[in-house]
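**Q** Let's have the full structure, built from the sequences with the hints guiding it.
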Amino acid sequence: DAGVTQSPTHLIKTRGQQVTLRCSPKSGHDTVSWYQQALGQGPQFIFQYYEEEERQRGNFPDRFSGHQFPNYSSELNVNALLLGDSALYLCASSLRDREAYEQYFGPGTRLTVT
Amino acid sequence: AQSVTQPDIHITVSEGASLELRCNYSYGATPYLFWYVQSPGQGLQLLLKYFSGDTLVQGIKGFEAEFKRSQSSFNLRKPSVHWSDAAEYFCAVRSSSNTGKLIFGQGTTLQVKP
Numbered sequence: 001d002a003g004v005t006q007s008p009t010h011l012i013k014t015r016g017q018q019v020t021l022r023c024s025p026k027s028g029h030d031t032v033s034w035y036q037q038a039l040g041q042g043p044q045f046i047f048q049y050y051e052e053e054e055r056q057r058g059n060f061p062d063r064f065s066g067h068q069f070p071n072y073s074s075e076l077n078v079n080a081l082l083l084g085d086s087a088l089y090l091c092a093s094s095l096r097d098r099e100a101y102e103q104y105f106g107p108g109t110r111l112t113v114t
Numbered sequence: 001a002q003s004v005t006q007p008d009i010h011i012t013v014s015e016g017a018s019l020e021l022r023c024n025y026s027y028g029a030t031p032y033l034f035w036y037v038q039s040p041g042q043g044l045q046l047l048l049k050y051f052s053g054d055t056l057v058q059g060i061k062g063f064e065a066e067f068k069r070s071q072s073s074f075n076l077r078k079p080s081v082h083w084s085d086a087a088e089y090f091c092a093v094r095s096s097s098n099t100g101k102l103i104f105g106q107g108t109t110l111q112v113k114p
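As they're listed, the protein sequences go chains A and B.
Here my numbering is used: position 80 in the first sequence is 80, and no number is missing along the way.
Here my numbering is used: position 2 in the second sequence is 2, and no number is missing along the way.
Hint data in this document are derived by calculation from the structure and do not stem from the laboratory.
All values derive from a computational prediction rather than experimental measurement.
Check the hints yourself; a few may be wrong.
[Claimed, not checked] Straight line, CA to CA, 27 Å or less: simulated BS3-like cross-link-like pairs of lysine-lysine:
hint, chain 1, residue 1, chain 2, residue 2
1, B, 113, B, 61
2, B, 61, A, 26
3, B, 49, B, 61
4, B, 49, A, 26
5, B, 49, B, 68
**A** Now the structure itself:
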């Protein structure tokens, strides 16, 4: 049973560029959440997708957007990259209908903005 | 607003010694509480969780945690630390809603001396 997978593993971009990160949830899961983890910090919630719609959003600007596909996989898009967007981006999947659900995390994508 | 505080940024213990990592949370209702571990360059692995019932919960790798409502705490313990336990540990809280995001603490870095 494959766990949560993310691609790419590492990415280097220049300020002002756009980036797309991808996530495949754990088999059987239907909800995907994205987190940003800056160096030395705990993960910060960006948003959550279920049934191809954004259901909840953290305190992140509109430059951060996402998408969920019918197969439950998800993309995180960041436009107009800033140096401060350099971080580890974590994807987590879960099963929404279970109240006592737990989120399973992928290995993350390390984004460096120069 | 929900929040999580991990008072100890860095802890060093000798191999074989006992360990306690502190976590305090702020949340109005009964929270769902989690401890995750992150090895360098890796994603987050769930160690244990508390949803309801017995306030002492057992997790993987010999870890346990105790929920104390009166102290708003959920401290992580291990009787005897192994060198492989060296990692970053995160406490997190989630609302009882099944749409709830995870709120993480800043993390505690555990160093194990031989």
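**Q** Please go over all the hints and tell whether each is borne out by the structure.
**A** Hints versus structure:
no., hint, verdict
1, B:113 <-> B:61, "18 Å, holds"
2, B:61 <-> A:26, "22 Å, holds"
3, B:49 <-> B:61, "14 Å, holds"
4, B:49 <-> A:26, "19 Å, holds"
5, B:49 <-> B:68, "14 Å, holds"
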